[in-house]
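Engineer: Chains as they are written, first to last, in this note's numbering: chain A, 1119 to 1277; chain B, 1119 to 1277.
Simulated from the structure, these hints should not be mistaken for lab results.
It is possible that some hints are incorrect.
One copy or two, it doesn't matter: identical chains are merged, so the pair holds either way.
Claimed, not checked - Computed list of lysine to aspartate or glutamate pairs in EDC-like fashion (alpha-carbon distance at most 16 angstroms, straight line):
no., residue 1, residue 2
1, 1215, 1166
2, 1215, 1173
3, 1215, 1165
4, 1143, 1253
5, 1239, 1177
6, 1238, 1141
Bear in mind the structure is a predicted one, so any value in this text is a computation, not a measurement.
There are 2 protein chains.
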Amino acid sequence: MRIIGIDPGTGILGFGVIDVTKDNKVRMVTGGVITTPAHTPLDERLEEIFDGLTDIIAETKPEIMSIEKLFFSQNVTTAISVAQARGVAMLTGRRAKLPIAEYTPQQIKQTLTGYGKADKKQMQEMVRIHLGLKDIPRPDDAADALAAAITHSMMTRAL
Amino acid sequence: MRIIGIDPGTGILGFGVIDVTKDNKVRMVTGGVITTPAHTPLDERLEEIFDGLTDIIAETKPEIMSIEKLFFSQNVTTAISVAQARGVAMLTGRRAKLPIAEYTPQQIKQTLTGYGKADKKQMQEMVRIHLGLKDIPRPDDAADALAAAITHSMMTRAL
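Using the sequences and the hints given, assemble the complete structure.
Structural biologist: What follows is the structure, given as structure tokens:
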């Protein structure tokens, strides 16, 4: 099974594609970010996300999208900005006919580390270990997207 | 000039299309809502908004989209839900090659009533008067969308 994980955002949207082998191991196919320039009209930025993500899906051919669910409590302005990009990312997955799984940050932390309040460093180290990589994937947004993808592989394994 | 106004939301998205005549009067072309069923996966709902709004734009052929800007301070969960739909609505306008104007709720209130803290009833009554209608447009979301469209007509007139 091939999974694309998404860490949504308007300025930077992380993506990470993994394969799950028959013996339930995961390996990284690719990971990276779509960045859109600040001081550019929002509709242009959202279209860049739509087009960029559509291309990545066409190239990597994942079978399912796993996307972080928003669960903000602090900055409403940031939440609105991320949510606008998240809506577009989910639409992109839908139009590419991918099933979409959603996980809260806490579910992702709990699944990867066994601890729902793990910090960023712990999370990134677990992503590195799960994928058998020498270094932590960069930038952070790509690592977060890979974490969402790994979470889906582990949640479906558990079923 | 023909303007489509949008009041974003996932459960109900309001739209309202107006024409601005050469003597700067506005008349309503159409108005209504796109509703998406609760308890349906979010990606399906977002696609219904994308497809529905694409159809409405194709049918009514507006030259510009005027959309309410989010400016929440209370319920973050609602803000996230509205923002996801708003991102998709803006993408829809962009893909239909419409320029997009954004106005905060306060700008819309100020422009229509001269008072930035006007209540819902006052706003709806001003929409009715501006458009020369016998009754207030229903439902509320359609009236709010028409208010966004009228605001753009008045802001550009002022320039």
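Engineer: Output the numbers, in ascending order, of every earlier hint that fails for this structure.
Structural biologist: Of the numbered hints given earlier, those the structure breaks are 4, 5 and 6, listed in rising order.
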